[in-house]
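Kindly produce the complete structure, drawing on both the sequences and the hints.
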Amino acid sequence: MAEVAVAEEPEYKRDMEAFYRMAKYPLVASSDCTADMKTEAMDVCISACERHPVDLEKCTQMIKDGLDKRFGGPWHVVVGKAFAFQVTYECKHFLHLFVGGTTGVLVWKL
Amino acid sequence: MALPPHLQRRTLPLPIPARCLQPVREVVRPANQLALSAGELEEEVGRSLTAGNPTAPANLVRYSFRERGYRAEPIIDQQLQHFALGGCLMHCESEEAARQRRRESQAAAAAARSRRGTEQHSEASLGPGALDDDAATTRLRNQFNFADRAAQTGHHPPRDRATRTEPPPTAVTAGSCSRWEIYEAYVQDQERQRQTEELARQKAQVARKGNQQAAAAMAQRAAELALAPAQWVGRAACLVERMVQQNLLKDVAMDFRYWDDPADAVAPEEGTLLPLWGEKGESFTSPRVKRRAVTALCWSPRYFDLFAVGYGSFDFLNPTTGLVCCYSLKSPGQPEFSFGTAAGVMCLDFHPDHPSLLAVGCYDGAVVIFDLRAGKLRRAGDKPAYQSTPRSGKHSDPVWQVCWQRTHSHELALSSISTDGRVTAWTVNKNELSHQDVLQLSTLRARERLRSDSSGGSEEESGSVGIAGGCCFDFNREQEFLFVVGSEDGSLYKCSTAYSSEYLQAYQPGHRLPVYAVRWNGLHPRTFLSAGADWKVKLWDSPVLSFDLRAPVGDVAWAPFSATVFAAVTDAGKVHVFDLARSRAAAACVQRVTRKARLTKLAFNARHPVLLVGTEHGGVVCLKLSPNLRRDFAPGGRPAGCASGGAGSASLLCCVGPHVGTASTEGGSWAATLPAPPAALPHMPCRCRRTCGAGAPASGGGATLGRSDSEAAAARAAEAQRLEAVLVLAAKCNQALREEDWELM
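Residue numbers (numbering that gives the first Met the number 0), protein chains in the order written: chain A, 0 to 109; chain B, 0 to 744.
Calculated directly from the structure, the hints in this document are not laboratory data. Glycine included, every Cβ here is placed at the ideal spot set by N, Cα and C. Among these hints, one or two may not hold up.
Taking CB as the label site, the calculated pair distances span [unchecked claim]:
| id | chain 1 | residue 1 | chain 2 | residue 2 | range |
| --- | --- | --- | --- | --- | --- |
| 1 | B | Gln-204 | A | Lys-68 | 33 to 41 Å |
| 2 | A | Ala-17 | B | Pro-167 | 42 to 50 Å |
| 3 | B | Gln-204 | A | Lys-80 | 41 to 49 Å |
| 4 | A | Glu-56 | B | Pro-157 | 48 to 56 Å |
| 5 | A | Lys-68 | B | His-155 | 40 to 48 Å |
| 6 | B | Arg-148 | A | Gly-71 | 56 to 64 Å |
| 7 | B | Ser-175 | A | Asp-14 | 42 to 50 Å |
Here are some chain A residues the structure puts well away from chain B; computed CB gaps all over 12 Å [stated by the list, open to error]:
| id | residue |
| --- | --- |
| 8 | Pro-52 |
| 9 | Val-53 |
| 10 | Gly-65 |
| 11 | Asp-67 |
| 12 | Thr-87 |
Set out below in structure tokens:
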């Protein structure tokens, strides 16, 4: 029984490396954007995180510049491995996603 | 210069002596005066004075450069001015003085004008004044004398207007992000993905299996949704149309109720018919009719305003499909119900107790029963409730008349007659019509031969020879087994359902051409009318009365309110109404209804003094009888159509009263009410003509409803008496005539 249960357990639950391998894709934690806007903003965030995986400051700057250019208005960006937030945002302009299983990206506009 | 002598004067010595006061003339002459003679004195001496300058040179020469030499000056100036003094005075008549005066006068005039101009200008500012042109042109311009005009528009103060847009809506959210939250989010996402994949797989399987069933269910649901409002809307539309029709044809409805021909009071022997609806073909028609002929007419026994019209063709070279339309007088535009049949309709009959049942005889020999409730309002329900099939004794020739039977049991029975020589009784069973031949019609001659043959022993030819095609029949009101048959060859037989092989009586002489209609009198049980193509309408009793209408007679009918009034329609397009109590010879009313079309059928309304006439072009005309044609109804004298007290007669105009239903038979399957017409129209129970004879009050009309049964019975008896008197009188006349004169009739 125990063996069967273990066999049914997915690999990523046992091994953190496996988890990271599995969690290559971005995952939207919460968002209220329109579908088009969401995909575009996700592209911006992902490309920035890939380009600056270590220097988060540059990463946030890049995301902010990209979003401001595309959608206009003041965007605010938080990138980090662990944070908590309470923000006021303009409706339809909020996106919280996880990138690569390690990083959380929070963007909103106000 | 010496003066002439006569101008010279001598000075006188100053002291004048007093003694010489008289003038003394003394001529003194100078000494050196020439002494001249008188002649020399008289002589005129001309002398001219010239002014010469003594100092002027006499000969002045100047050098001429042209001639290069000195030349003497021809003119030498002799003038010499000794003294000159300028003065301020001038001579008053001199030119300069005149110039000065002129100048002064002009200046004065200009001053006066300018003064006047300013005055006028001030006047002009007060009111409209005309400045003459001279003054305007010569107005002086100086700092005190000018006027200027100017206008200044109003000055609007600047205004500010501001709007403020709504700030974009905002929302507040909170959350957190940490390693384990990220981890759990990814794990949940993986779970979700696996579940959705599984669901999709299951759905695909289900869809593959139950594709057809699901589609059928969907289609059924869609059909239900589509149908539900259609019924509802149809009912509302029907109601609205009825309202509109009543508004449009309000005057016709008023005529139906209140019109009485004023000419009737003047000419008591004649009456008229007023066309109400359908005269011009705009009412009582339907797009489905398409120029078919009206082959049958029947009033509903329960609803006084409802009637059925059968459409088909009397021209048997080009038969048509059939149509049954039920119209209401309240909504003459459209049929309330319509049913189509495969072959042309030849006859119709409403069941007297179950008014939703309509028996129809067709050209192809079929007997069909329609249930009006199945053909819900305006929806063409072409599916009959019952239909005879070739297996179940369908006629082989057109069915010329169908007639519901009143039975004592609950089963429904009807009879039909056809030109194939059969009179058939039909019984409505649960699912089918079962038939039983009542009578096999055959000519009298064939019957006699049959009798002689049967005595002789051979019966082979009996079935096929000498068939008499039946055209019409009618059951007696009082003796229900008794009926009269009119045949194609013009003969009339009295038959009974009890004896299928024998005629009770053969009426002689019959018609010479096919008999189109036979009708028992509703109030007098012994008499009946027959009408045929030989232009004759005959009244049969012990004496025979014959009426020649000068055209083939399509239909004849007794008026339900009188024993002596009947009407007939002819191919000439005329309606003849006879009142035997008044005249046995002449019709009380002969009126042309159509110009060209033949009239085919006729039906009296049992409650109101109206009758329907059908034409061969599919038109139905509703005619109202004038008071002279309906006066016989009530011996008391009130016309039948007038509302007596208004309580008992349901009017077309004032609509009150519920539907009256009767107890249902056969476990409720034949509830006798029609589907309620939308406007909840009044339908008082009324008696059909068949019930009239069979015990119910005969004169079905408003007047009887108000009376007691005994009074009604008395009125019926009086009517029957009236006819009896007519017949007795006719019998006497016939006695007087010779026997051979009957042939002439």
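Hint check:
1. Hint check: Gln-204(B) to Lys-68(A), Cβ distance near 48 Å, so the stated range 33 to 41 Å is violated.
2. Take Ala-17(A) and Pro-167(B): their Cβ atoms lie about 44 Å apart, and the range 42 to 50 Å holds.
3. Between Gln-204(B) and Lys-80(A) the C-beta distance comes to about 44 Å, which sits within the given range of 41 to 49 Å.
4. Checking the proposed 48 to 56 Å range against Glu-56(A) and Pro-157(B) shows it holds: the Cβ atoms sit about 52 Å from each other.
5. As the Cβ distance of Lys-68(A) to His-155(B) is approximately 46 Å, the hint placing it in 40 to 48 Å holds.
6. Between Arg-148(B) and Gly-71(A) the beta carbon distance is about 60 Å. The supplied range of 56 to 64 Å therefore holds.
7. A beta carbon spacing of about 25 Å between Ser-175(B) and Asp-14(A) contradicts the range 42 to 50 Å that was offered as a hint.
8. Pro-52(A), annotated as away from the interface, keeps every beta carbon of chain B farther than 12 Å; the closest lies near 15 Å.
9. Distance check for Val-53(A) against chain B: the nearest CB is about 17 Å away, which clears 12 Å, and the non-interface claim stands.
10. At the 12 Å boundary, the C-beta of Gly-65(A) stays outside the reach of chain B, the nearest C-beta of that chain being 20 Å off.
11. The claim that Asp-67(A) is not at the interface with chain B holds, since no C-beta of that chain comes within 12 Å of its own (minimum 16 Å).
12. Not every beta carbon of chain B lies more than 12 Å from that of Thr-87(A), the smallest distance being close to 5 Å; the non-interface claim is violated.
The structure shown violates the earlier hints numbered 1, 7 and 12.
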